[in-house]
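Construct the complete structure from the given sequences, taking the supplied hints into account.
One line per chain: the protein sequences are A and B, in this order. Using my numbering, read the first sequence as starting at 1 and increasing by one per residue. Using my numbering, read the second sequence as starting at 1 and increasing by one per residue.
Check each hint, because a few of them may be wrong.
Treat identical chains as interchangeable: a pair holds within one or across any two.
Claimed, not checked - Heads up, simulated DSS-like pairs for lysine-lysine below, C-alpha to C-alpha not over 30 Å straight-line:
| hint | residue 1 | residue 2 |
| --- | --- | --- |
| 1 | 114 | 134 |
| 2 | 103 | 154 |
| 3 | 49 | 134 |
| 4 | 28 | 103 |
| 5 | 134 | 76 |
| 6 | 50 | 28 |
In short, the hints are calculated from the structure, not lab data. Just so we're clear, the structure is a prediction, and the values are computed from it rather than from any experiment.
There are 2 protein chains.
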Amino acid sequence: MNYIIREALETDMSQVLGLTKELAVFEKEDDAVEITVEDLVADGFGPAKKFHCFVADQQGVILGSALVYPRYSTWKGTVLHLEDLIVTEQMRGSGLGTALLNKVVQYGHELGVKRISWEVIDWNEHAINFYESKGANVMRDWDIVQLNEVSMGKYLDNI
Amino acid sequence: MNYIIREALETDMSQVLGLTKELAVFEKEDDAVEITVEDLVADGFGPAKKFHCFVADQQGVILGSALVYPRYSTWKGTVLHLEDLIVTEQMRGSGLGTALLNKVVQYGHELGVKRISWEVIDWNEHAINFYESKGANVMRDWDIVQLNEVSMGKYLDNI
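Below, the structure is given as structure tokens:
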């Protein structure tokens, strides 16, 4: 397929949000996406950039995206986190995921980070196999913990 | 016990690194800590702050620490990540973990974030019970994926 991987522009954020919602449906969390295009533009392209995004562009149609930002490891220092790697449904299996991940690993290398991390839901065997084939370590003995907005409110009420 | 929870100072980083190494031993990863005191000082107190740290101070002895930084959720916007919550061994079960977590949740609330996240190793039942008792959601269906420095090198060689 005839696409290029490039840095995202402000004008791509509408399509990137579309892909994010597509992924949320796949993960059975349709209602969880609260962010807006305006948020993405302000947060990714304002004075204090909160993320860096790459897209796969086929003549203006965004077929996939990879969104990253730095994290801080008290063992390794600055590391890179891949928040989303999304390939639109009709392009899955085409090599586009590899092309986007290549770009992310090259970017991490340019930054000089010692690690790139991301998260995967454990029933997504296709993704897990893909990541392991790339040399990544899927750490099944670590769990993610979240205190959401409602729980934060309850927590603060009980201090 | 007679301690205060306060923001960390540069001069605390040596003791914070000591706690980090204590945690690494507990997690059976003794050799994984590559960071230095100088790194922590530069990264936490330089012009571009990469983390924010709270400590429990008992007359100059740091009994515990909580280290946080922002992350970016494409569903929720800016969220807070708790990288380390460490209580020195002789203080476990004393309520110090709660005191530090209280500070973190208050800080997240001040920032206006919609979520605080962290990670836990699945055999640490004591920690998991503690977090669940605070209203946190331990997501056992998500796995953490890491591409380390060696794997990044191999990856790049194969592009």
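Here's how the hints hold up against the structure:
1. 114 x 134: Intra 16 Å, inter 33 Å, cutoff 30 Å: intra-copy only.
2. 103 x 154: between (41 Å within a copy, 15 Å between copies)
3. 49 x 134: Within. Shortest intra-copy distance 29 Å satisfies the 30 Å Cα cut-off; inter-copy 32 Å does not.
4. 28 x 103: within (28 Å within a copy, 33 Å between copies)
5. 134 x 76: For residue 134 and residue 76, the Cα distance is within 30 Å both inside one copy (21 Å) and across copies (29 Å).
6. 50 x 28: Answer is within: at 26 Å inside a copy they meet the 30 Å cutoff, but 33 Å across does not.
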